[in-house]
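So you can see what is in the structure, the chains are spelled out below.
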Amino acid sequence: MMIWIIIGMAVVTAIPRFLPAFIINQAKFPKWVDRWLNAIPYAALGALIFPGIVSVKPEAPQIGVIAALFAILLAWLNVNIIGVVLGAIVAVFLMTL
Amino acid sequence: MQSQIAGASQGSNRLHMIRRGTIAGFPIMLGYLPVSLTYGVLAGQSGMTNMELTLMSVLVFAGAAQFLAVSMVAAGTGAVEIIIATFVLNFRHFVMSLSFMNRLRNIALKAKIPLSLGLTDETFTVSTLYRKEAKETHGSWFYAALILTAYFSWVGGSYLGGVLGDVMPSRLSESMGIALYAMFIGLLIPSIRKHYRIAIIAVLAMIINFLCQWWGMNQGWAIVLGTLIGGLSGIWVLADEEEEL
Numbered sequence: 001m002m003i004w005i006i007i008g009m010a011v012v013t014a015i016p017r018f019l020p021a022f023i024i025n026q027a028k029f030p031k032w033v034d035r036w037l038n039a040i041p042y043a044a045l046g047a048l049i050f051p052g053i054v055s056v057k058p059e060a061p062q063i064g065v066i067a068a069l070f071a072i073l074l075a076w077l078n079v080n081i082i083g084v085v086l087g088a089i090v091a092v093f094l095m096t097l
Numbered sequence: 001m002q003s004q005i006a007g008a009s010q011g012s013n014r015l016h017m018i019r020r021g022t023i024a025g026f027p028i029m030l031g032y033l034p035v036s037l038t039y040g041v042l043a044g045q046s047g048m049t050n051m052e053l054t055l056m057s058v059l060v061f062a063g064a065a066q067f068l069a070v071s072m073v074a075a076g077t078g079a080v081e082i083i084i085a086t087f088v089l090n091f092r093h094f095v096m097s098l099s100f101m102n103r104l105r106n107i108a109l110k111a112k113i114p115l116s117l118g119l120t121d122e123t124f125t126v127s128t129l130y131r132k133e134a135k136e137t138h139g140s141w142f143y144a145a146l147i148l149t150a151y152f153s154w155v156g157g158s159y160l161g162g163v164l165g166d167v168m169p170s171r172l173s174e175s176m177g178i179a180l181y182a183m184f185i186g187l188l189i190p191s192i193r194k195h196y197r198i199a200i201i202a203v204l205a206m207i208i209n210f211l212c213q214w215w216g217m218n219q220g221w222a223i224v225l226g227t228l229i230g231g232l233s234g235i236w237v238l239a240d241e242e243e244e245l
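As given, the protein sequences belong to chains U and W, one line each in that order. Using full-length UniProt numbering, the letters of the first sequence correspond one by one to residues 1 to 97. Using full-length UniProt numbering, the letters of the second sequence correspond one by one to residues 1 to 245.
Please keep in mind that the hints were generated in silico from the structure rather than gathered at the bench. Just so we're clear, the structure is a prediction, and the values are computed from it rather than from any experiment.
Quick partial rundown of chain U residues pointing at chain W, CB under 8 Å, derived from the structure:
#1 Trp4
#2 Ile5
#3 Ile6
#4 Arg17
#5 Ile24
#6 Asp34
#7 Trp36
#8 Leu37
#9 Tyr42
#10 Ala43
#11 Leu45
#12 Gly64
#13 Ile72
#14 Ala75
#15 Val85
#16 Phe93
All residues carry an ideal CB built from backbone N, CA and C; glycine is no exception.
Let's have the full structure, built from the sequences with the hints guiding it.
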């Protein structure tokens, strides 16, 4: 039973991932669509960060927000991304002591 | 002789791309390990065997969907519901893949297909922030190395989590839930520092995603809408920065 759930999940995850490889090979987009697609990474990052961040500690949403602000500060100070990740983990850990 | 030299430099160039891709994938590995460990622990607790929970990571390779599936399995939900929920949640990768593949036009279709299968929120955003590699020779090796670094840390972490069970202190694993968000922030901020207007795109996507979920929309579709409509603002926001992007 479990194996069929896994295979089903794999199929419905794979199809949306690889279909664009064929679509792109067929089509040449007008400039504005290119710009739209170029903006997708930034839009996706935005949508992935918020409101998800408040659910890091569902019972204490401020912890996720404070850790995020700390991560923004570190990133703004040009700290390497690994430092940003570790800094945020330490911040959450200390806040939940 | 001539061709030997060319061959050697081509080989080292490929190796160079693989090395660079692995380094670029390192932050993802750091973000994935704690999360995949947590996934493995939870999946084990929900009654999945180590083989099943690792196989899910091997074949599905989609964090949020796997967490959702585990909680649905634990709640005794049926297979069809789990598969539909996975589809809805992961459909956002269609949008991301479209954007990614558009940038990879120079790369052959036979390389594009396996690369597309390794697309996650994290591998997508990291690789699209490395734009110039798509135009370099052996660029596909760069992206392949990046994706495989992420993939193996996800699969390995899942298995370890299943084996370790409850060994990891829960407060530590919970603190690590911030890791991927911190990585997203660490990816977004340098772009915003370069072009402040990029913040408009990200904030718009945030607001749309938040409002959609506020109105009770499913999280997966809310992210799709936030990404698509937020990204639409790029048509105007990015207009005069096109060359650099």
